[in-house]
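When you get a sec, could you build the whole thing from the sequences and use the hints?
Residue numbers (our numbering), protein chains in the order written: chain Z, 38 to 180; chain L, 38 to 180.
To be clear, the hints were calculated from the coordinates, so they are not data collected in a lab.
Each residue gets a CB set at the ideal place from its N, CA and C atoms; glycine is no exception.
Please note that a few of the clues may not be correct.
To be verified - 20 Å max Cα-Cα, derived SDA-like pairs, lysine to any residue:
1. Lys94/L / Glu139/Z
2. Lys94/Z / Glu76/L
3. Lys94/L / Gln111/L
4. Lys94/Z / Glu57/L
Claimed, not checked - Computed spacing ranges between beta-carbons, pair by pair:
5. Ile144/Z / Gln104/L: 27 to 37 Å
6. Ala157/L / Ser93/Z: 30 to 40 Å
7. Pro171/Z / Asp173/L: 23 to 33 Å
8. Cys176/L / Tyr106/Z: 20 to 30 Å
9. Glu76/Z / Asp45/L: 19 to 29 Å
10. Glu139/Z / Asp97/L: 14 to 24 Å
11. Cys176/L / Gly167/Z: 19 to 29 Å
12. Glu105/Z / Arg103/L: 27 to 37 Å
13. Asp173/L / Pro109/Z: 28 to 38 Å
2 protein chains.
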Amino acid sequence: MGAPDDSDCSLAKAVELVGERWTFFVLNEALLGASRFSEFRSRLGIASDVLAARLSKLVDSGLLTRQEYREPGQRPRDCYRLTDSGRRLSVVLCALQQWGDEHFPDIASNVAYRTADGRAVSVRFVDDEGVVTPVDEVCSERS
Amino acid sequence: MGAPDDSDCSLAKAVELVGERWTFFVLNEALLGASRFSEFRSRLGIASDVLAARLSKLVDSGLLTRQEYREPGQRPRDCYRLTDSGRRLSVVLCALQQWGDEHFPDIASNVAYRTADGRAVSVRFVDDEGVVTPVDEVCSERS
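Listed below in C-alpha cells is the structure:
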C-alpha cells in the first residue's frame, strides 16, 4: 500500500505509528495502567502474536519501554510502561473518545480523564491566549 | 480480527469508524477542502478502489455526504462534503498532527489550524472551567 504525497509530514508519520485499531486499544490500556503482557491480552481479548507485534513496534518507536520483572519462583517476564511521548497520546485518545461520545450518543464511554484532584477534563481547541475556540470556528489550511 | 472486550464503548466505535490510516488521510484532505474523487486521488496517490471503499464507508457512517454535480458537457460525478460530525474530527486530526510534531521534531507539519481571524489554535486538555491543564497532570481511569 502506498503513502500519501505528504508522507513526510508529521500527521502522516503519526498515523503510520499509531493509526491502527489495535494500537489505539493497546495504548488506551497502557494509559489505564496495564503493564504486563497477560494484562493487555486479557483486557483486550487480542491474539498473542498480534499483541506481541504491536508492543514491539511501540517499544521500537519510543512509545513504550520494555523492562524485565520476576515474581518469586517464576521465570523472568517483560512489562511495558509508557514513555513521556507515549503518555502524551492521551490527548489523541481522549479526543477520539469524545468524538465517539458525540457521534454515538447512545453509547457510553468507559474512560474518564481527570486532573490529579479529580476534576473532569476534555480536549478542546484553544487559541494562542489559552481561550477555548469552538470547533466550528476552526479552519485548517495547508501551510 | 476480534474486538476488545469494551467493544461497545465510544472509543472502540470511533476507532472502528476512523482508526485506519487511509481514512485519516481522506478526512484530512476533506478538511482542507477536497471534495471530488479525482482531488482525493491525486492529492493522496491512493488506489481508486481503496479510495472508493473509504469514501463509501464515510458516507454510510454519516461523516461525509455524497452529492452529484455535472460540469458542462460531462457526465454526472459525485462530490463529497463533510457533515458536522465529520468536521468535528478536526480535533482528532489536529491532536495527532501535534503529537507527531512533538515526537518527530525534525519533521514539519503541513496543516495549520486557525480561527476565522487567522490566529493559531492547538488542541489541549481543559478543565471544567475552561483552563488549560498540562497533559502530564491528566490521569485516565475506567469509569
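Item to complete: Would you pick out the hints that fail for this structure and give their numbers low to high?
Response: 2, 3, 12
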